[in-house]
Amino acid sequence: MKKQQDELTGFAENIDDLANRLKNALNKLEERKAESPDAPGNQLGNSQQEKQPTPYREKIGKLSGEVVDSNPYSRLMALQRMGIVQDYEKIREKTVAVVGVGGVGSVVAEMLTRCGIGKLILFDYDKVEIANMNRLFYQPNQAGLSKVEAARDTLIHVNPDVEIEVHNFNITTVDNFDTFVQRIRQGSLTNSRVDLVLSCVDNFEARMAVNMACNEENQIWMESGVSENAVSGHIQYIEPGKTACFACVPPLVVASNIDERTLKRDGVCAASLPTTMAVVAGFLVMNTLKYLLNFGEVSHYVGYNALADFFPRESIKPNPFCDDNHCLIRQKEYEARKASETIDLEIQEPEEEPVVHEENEWGIELVDESEPVLSSESPNNSGVAEGLKFAYEPAKKDNVSGDLSPAQAATHDLMQSIKDKLVQEAQKK
Amino acid sequence: MDEATKSSLKAIPLCKTKASPRDGDLWIERLKEEYESIIAAVQNNKNSDRDWFKLESNERGTKWFGKCWYFHNMVKYEFDVEFDIPITYPVTAPEIALPELDGKTAKMYRGGKICLSEHFKPLWARNTPKFGIAHAFALGLGPWMAVEIPDLIEKGLIHPKA
Numbered sequence: 001m002k003k004q005q006d007e008l009t010g011f012a013e014n015i016d017d018l019a020n021r022l023k024n025a026l027n028k029l030e031e032r033k034a035e036s037p038d039a040p041g042n043q044l045g046n047s048q049q050e051k052q053p054t055p056y057r058e059k060i061g062k063l064s065g066e067v068v069d070s071n072p073y074s075r076l077m078a079l080q081r082m083g084i085v086q087d088y089e090k091i092r093e094k095t096v097a098v099v100g101v102g103g104v105g106s107v108v109a110e111m112l113t114r115c116g117i118g119k120l121i122l123f124d125y126d127k128v129e130i131a132n133m134n135r136l137f138y139q140p141n142q143a144g145l146s147k148v149e150a151a152r153d154t155l156i157h158v159n160p161d162v163e164i165e166v167h168n169f170n171i172t173t174v175d176n177f178d179t180f181v182q183r184i185r186q187g188s189l190t191n192s193r194v195d196l197v198l199s200c201v202d203n204f205e206a207r208m209a210v211n212m213a214c215n216e217e218n219q220i221w222m223e224s225g226v227s228e229n230a231v232s233g234h235i236q237y238i239e240p241g242k243t244a245c246f247a248c249v250p251p252l253v254v255a256s257n258i259d260e261r262t263l264k265r266d267g268v269c270a271a272s273l274p275t276t277m278a279v280v281a282g283f284l285v286m287n288t289l290k291y292l293l294n295f296g297e298v299s300h301y302v303g304y305n306a307l308a309d310f311f312p313r314e315s316i317k318p319n320p321f322c323d324d325n326h327c328l329i330r331q332k333e334y335e336a337r338k339a340s341e342t343i344d345l346e347i348q349e350p351e352e353e354p355v356v357h358e359e360n361e362w363g364i365e366l367v368d369e370s371e372p373v374l375s376s377e378s379p380n381n382s383g384v385a386e387g388l389k390f391a392y393e394p395a396k397k398d399n400v401s402g403d404l405s406p407a408q409a410a411t412h413d414l415m416q417s418i419k420d421k422l423v424q425e426a427q428k429k
Numbered sequence: 001m002d003e004a005t006k007s008s009l010k011a012i013p014l015c016k017t018k019a020s021p022r023d024g025d026l027w028i029e030r031l032k033e034e035y036e037s038i039i040a041a042v043q044n045n046k047n048s049d050r051d052w053f054k055l056e057s058n059e060r061g062t063k064w065f066g067k068c069w070y071f072h073n074m075v076k077y078e079f080d081v082e083f084d085i086p087i088t089y090p091v092t093a094p095e096i097a098l099p100e101l102d103g104k105t106a107k108m109y110r111g112g113k114i115c116l117s118e119h120f121k122p123l124w125a126r127n128t129p130k131f132g133i134a135h136a137f138a139l140g141l142g143p144w145m146a147v148e149i150p151d152l153i154e155k156g157l158i159h160p161k162a
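Protein sequence lines correspond, in order, to chains E and V. FYI, in UniProt numbering the residues of the first sequence are 1 to 429. FYI, in UniProt numbering the residues of the second sequence are 1 to 162.
Don't read these hints as lab results, they were simulated from the structure. Be careful, since some hints might not be right.
[Unchecked claim] Below, a list of computed lysine-lysine pairs in the DSS-like style, where the Cα atoms sit at most 25 Å apart:
no., chain 1, residue 1, chain 2, residue 2
1, V, Lys121, E, Lys389
2, V, Lys16, V, Lys54
3, E, Lys127, V, Lys113
4, V, Lys67, V, Lys10
5, V, Lys76, V, Lys121
6, V, Lys130, V, Lys18
7, E, Lys127, V, Lys107
8, V, Lys32, V, Lys54
9, V, Lys76, V, Lys155
10, V, Lys54, V, Lys121
11, V, Lys130, V, Lys63
12, V, Lys130, V, Lys104
13, E, Lys127, V, Lys63
14, E, Lys317, V, Lys121
15, E, Lys332, V, Lys10
16, V, Lys10, V, Lys130
17, V, Lys104, E, Lys127
18, V, Lys130, V, Lys113
19, V, Lys6, V, Lys67
20, V, Lys113, V, Lys6
21, V, Lys76, V, Lys130
[To be verified] Covered stretches of chain E (in silico footprint by chain V; criterion: 3 or more residues with CB under 8 Å from a CB of chain V, positions within the stretch not fixed):
no., stretch
22, 60-72
23, 85-98
Using N, Cα and C, we set each Cβ at its ideal position, and we do this for glycine too.
Isolated chain E (complex conformation) (with noise of 0.2 Å):
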């Protein structure tokens, strides 16, 4: 008797205990009605970022460290408690933006959304097909969507944090140059600079155009880009003024050592595979957060030959003779400031803490095993490191050479001011 009544009232606790969670499920339930941005009166005013889909979960406020199955930045924060990097919720005041999300750029999009990024910015002309199928990222329901489009539907699902702006057009236009422009100045989450440009785009005239805005706004910026061949590919660290300039040399190229005259070409523009496009991608996004989260050492070069596991580092100074006016000048700035500052800016590396972890139960010791960066004297030279090459030999220039004497080049300058004035004289006419 005594132990059907014990059995009774534990039912009874039972019953009342699933009764109040129910009642709270609920209660949630109605709180998160109330906030949904579906929601009237929750409308954001943002008419180019319609329709958004409904995020799996609200958005959070500050990143906790906690480990629990439920917080998607536990394992970020982790690199805060072992002392690889010191603060890494500065992530979410970054904005980066990907030109190109294709093979490289959508895989690095999705990256950089997984890590928390603050703002994506997405631009690219291109719809999703089929046959990009053999890539990451785009399943083949998105065929025919626009690739920012379906980039962002993806994406604000993934990490709901994440605010991402997208462009569908051609960056290398006249109209919509002057749009990509202003987007880097003011399209922060401050409505300031963005943080980082990265070129994930195919072809050489989106480089130029990327190289030619960064310049013009002095953005420091990474390119990215996989051979045609599919194995091989870089990424590149570009400071205007500091670094080559993507106009300053031809562009520096993983040596395949393939004959090219075995490579066939009949029938295809270019091949790809998603393992070279997803190291390359994980190649740029790791240097991105070195560069963002100021942890590690920026490489300013990595290539990769894949047939040979082959990965080339290098570093490139800038052409005094580059053909970008505004990368002269931006030479000249650089100069400047380096003569102005009392402490030699070579070295840039941040000063060797020792790498002290909070728990070190195991006594366990870093050793370096990094090789020192190589460094071309003259960029014109082809001195460059094992393994690379450039794509093409420079333009010969027909008046000036690289090693004018002084009074060569004062009547050069001479000649060249005269040459102009007849030239606006001309126009005038």
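Use these hints to put chain V onto chain E, whose structure you have.
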């Protein structure tokens, strides 16, 4: 490069001004040079009885459109041709497109932009700013059509317009 392409290329007057549509008056100067070299190229073609394209632009010279044609077994195959002048012009060449052929050949990028040989870009880069639109046609579109059009006809993918 074959001899015919080489000689027709040599006969086209070179441009001088390095300017893009963002360079104001300098672009007007460049545009004049472009038109001069295109007119000369078309005249050369007519003189040698190998007239194969005509071209015009919008007022600012930023968008170009026209026709190009190819004779195969005495039958004329004609196509619309179009391209934009990129803001990086003349450092980068215009991307010439034949939109009607989009999707019909692998040697084409999206939107019908023709896929040029690996020789074109290095040659263009070495000769900037002297090469202009007429050179891009003689060096790029001409040889491309000579290879691709007969192939497309044989595959039955294109037919002469009535």
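Agreement of Lys76(V) and Lys155(V) with the hint, judged by alpha carbon distance not exceeding 25 Å: Cα-Cα ~17 Å, so holds.
Hint consistency between Lys10(V) and Lys130(V) [alpha-carbon to alpha-carbon, up to 25 Å]: holds, 12 Å
Given hint Lys121(V) paired with Lys54(V) - CA-CA distance at most 25 Å: Judged against 25 Å, a Cα distance of about 23 Å means the pair holds.
Claimed coverage, the stretch 85-98 of chain E by chain V - three or more beta carbons nearer than 8 Å: violated (count 0)
Given hint Lys389(E) paired with Lys121(V) - CA-CA distance at most 25 Å: Answer holds: Lys121(V) to Lys389(E) is near 16 Å, not above 25 Å.
25 Å limit on alpha-carbon distance, applied to hinted pair Lys113(V) and Lys6(V): holds, 23 Å
Pair hint outcome, Lys16(V) versus Lys54(V) [Cα-Cα no greater than 25 Å]: holds, 23 Å
Coverage claim, chain V over the stretch 60-72 of chain E, checked by counting residues with Cβ within 8 Å (three needed): Since three or more residues must qualify, the claim that chain V covers the stretch 60-72 of chain E is violated, with 0 doing so at under 8 Å.
Pairwise hint evaluation, Lys54(V) against Lys32(V), where the allowed Cα distance is 25 Å at most: It holds: about 17 Å lies between the C-alpha atoms, which stays within 25 Å.
Pair hint outcome, Lys130(V) versus Lys63(V) [Cα-Cα no greater than 25 Å]: holds, 20 Å
25 Å limit on alpha-carbon distance, applied to hinted pair Lys317(E) and Lys121(V): holds, 24 Å
Restraint check for Lys6(V) with Lys67(V), where alpha carbons must lie at most 25 Å apart: holds, 23 Å
Checked against the numbered hints listed earlier, the structure breaks hints 5, 12, 15, 21, 22 and 23; every other hint is satisfied.
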